[in-house]
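So the protein lines, in turn, are chains A and B. Under this note's numbering, the residue at position 213 of the first sequence is numbered 209, and the numbers go up by one with no gaps. Converting from the second sequence to this note's numbering requires adding 1 to each position, the first position being numbered 1.
Treat the hints loosely; a few may be bogus.
Result set (DSS-like, lysine-lysine): computed pairs, CA atoms no more than 25 Å apart in a straight line [what the hints assert, rightly or not]:
#1 -2/A - 265/B
#2 296/B - 265/B
#3 257/B - 12/A
#4 197/A - 290/B
#5 -2/A - 257/B
#6 197/A - 12/A
#7 265/B - 12/A
#8 265/B - 293/B
#9 188/A - 290/B
Treat the hints as calculated values from the structure; they're not laboratory data.
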Amino acid sequence: MKTMTFAGAIEDALMKAMTEDSRIVVFGEDVHMIRMNLYAKFGEMRVRPTPISESAFLGAAVTAAMAGLRPVVELMMLDFVAVAADALVNQAAKLEAFSGGRWRAPMVVRAPCGGGYGDGGQHEQTLWGWLAQVPGLKIVVPSSPADAGGLMLSAIQDEGPVIYMEHKLLADYWIDAVADGGRTNLQYDIPKAGARGEVPKTWRPIPLGEANVLRDGDDLTMVSVGVSVHRCLEAAARLADRGVQAGVIDLRSITPLDTDAVCRAVERTGRLLVVDEDYKHFSLSGELAAVVMEAGITAKFARVCVEDTIPFDRRREAQVLPNVARILEAASALTSR
Amino acid sequence: MQPSAEVLYRQMYKSRRFEEAVTQLWNDGHISAEMHLNTGEEAIVAGVLDHVTDGDALALEHRGTAPLVMRGVDLALLLKEFMGLEDGLCRGMGGHLHLFSPEHLAASSGIVGATGPAACGFAFAAQHLRPDKAAVAFFGEGAMNQGMLMESINLAAVWSLPVIFVCKDNGMAVTTASADVTAGDLLTRARGLGAQAVSVDGTDVDEVWRAAHEAFVRAREGGGPTFLHATCVHPDGHLLGDPVLRIVHNPVHELKSRVAPLMKAATTGGSSVSERVASLGSIIGVLGKAQKTQKRDASDPVERQRQRLSISDAERGELERAVDDEVHAALVSALRSLEGRA
């Protein structure tokens, strides 16, 4: 059995893809150091450090993709997408529609996201609901090494723009670089199965828009993505001790959204609990409620999300991010009704 | 006008000692995540801040500590904020990347380049509400490639905004040599956007002070913005625990897990041999540049100003002791607050 770290799986899959397809180029800030191995293998024309100019290099990625390359362009942190939102929201997302389907931009935006290490509300956001709202953008959020590699391949092979978010709690090198900085006296609630795990012998693309049913349960359906998937699994195990059978669905991609998987499960359980590290209002969680209603399913609904700006203070941060205690509380309320 | 050598030295010494206390707290795990220090750029901050008075505004980046220390913000409030305590400067909500002090018109952002637009807005408000007041934007040379900053210089020029754009140039944008990603020259660029531009040795507080003096006079008289470029060295790297500096200080430990995959990548296919060799050369070059910042020598701004003092050693000792006591008291207060919370 082959195991890899989350970050190692992404690099392994990316390296394989770059070896097979010379159109794939990587660029972004400091990639010569952050992607040292890719830089050493493929040289500076294919792994190219950029100035701190997100709007220029993200915008350039769109047309580089239109003109035949397959860029994997990096943001140092997902939050910084706001600096260059035009490239995604007004350019990449619109291309297919504006060209009457004649032109697409096969690009991947790779960005670390998420909190849980005390970096404050400008460096720990997920923002997938905000980006997913724009038609034409796909968003991928893996929760395990196997998914991280397989979804990276699919993101690269996709003919349109895909935003690939890697959660910093799962990627050890991000924790080392921006949280620990060589210190060993701090603790993080890192889901073990997400940070390291089994991977296939050979990478195969995992289709975008296929949720992964990680646990079956007849009483309640939990739907989540990223690190929160692991919080759900932990909560589901505890609920089982109390005799409540909760299912857990890992969406794996926000768009395309696997509405069938969600509806199938909720039809059976009649209870939907969305656990989302993104903001609560105008969000993925709200979208899922609408999806279930539109399908004509009668269900009870609750959500555990981030409701405000994430506090810098780690204690308050831990309360604001979805955690097992909040999930249990919401699940109890849902199942007692 | 002439600056007071003692006042400037006191400010720089205070900032340095304070950041030593911050480093201790960070090392002890009392401060989470990233911590970017102003060590090495104290002369730039002191030389500029000496001209800042009530009503002037400060747009601060991820290195906002020294400007607030020198502006007179309570040291214990700052430490408590860095530790995420409820009685910190911003109730532990912002942390060191996002420091705000409304009474000082001081606002921070962790987004590179964001201080440009921020200073323009402060300056525009000054034109309306506080005649003769100015706004300062601090940023690194890496930020000069950020569109919003270049746009801000133009905006400040066409509106004659009283802004001093202070570019602290250590030559490195995190781990990327700025020379490799910055075309042309920054002074010419700023002039092309319509600002007055001047470059000084940012380790010499006198030089910075004089350039800042001219810039503030111009701004206050309605003469528009100045781009004040000042060179410096960051001995503590981009942030505490800088991964590159860790390799420099402890190569065997830090590289043991990295060398094998790196060598495997570099020796198994991919691009041409010369390209792969060039990549390895660049990586080693980054380490070499970081190594050079580790020489604490006469260019240390605090040390440099100490040499210039004309007061007696006893007087200097008294000045330093007073600062040491102030920093120590803040540290004690912050640790007491932390204990009270636990």
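Tested hints:
1. -2/A - 265/B: holds (19 Å)
2. 296/B - 265/B: Violated: residue 296/B and residue 265/B sit about 33 Å apart, past 25 Å.
3. 257/B - 12/A: The given pair, whose Cα atoms are some 24 Å apart, holds under the 25 Å limit.
4. 197/A - 290/B: Between residue 197/A and residue 290/B the Cα gap is close to 40 Å, so the pair fails against 25 Å, i.e. violated.
5. -2/A - 257/B: Holds: residue -2/A and residue 257/B sit about 22 Å apart, inside 25 Å.
6. 197/A - 12/A: Roughly 13 Å between the alpha carbons, so the hint for residue 197/A and residue 12/A holds.
7. 265/B - 12/A: holds (14 Å)
8. 265/B - 293/B: violated (29 Å)
9. 188/A - 290/B: violated (37 Å)
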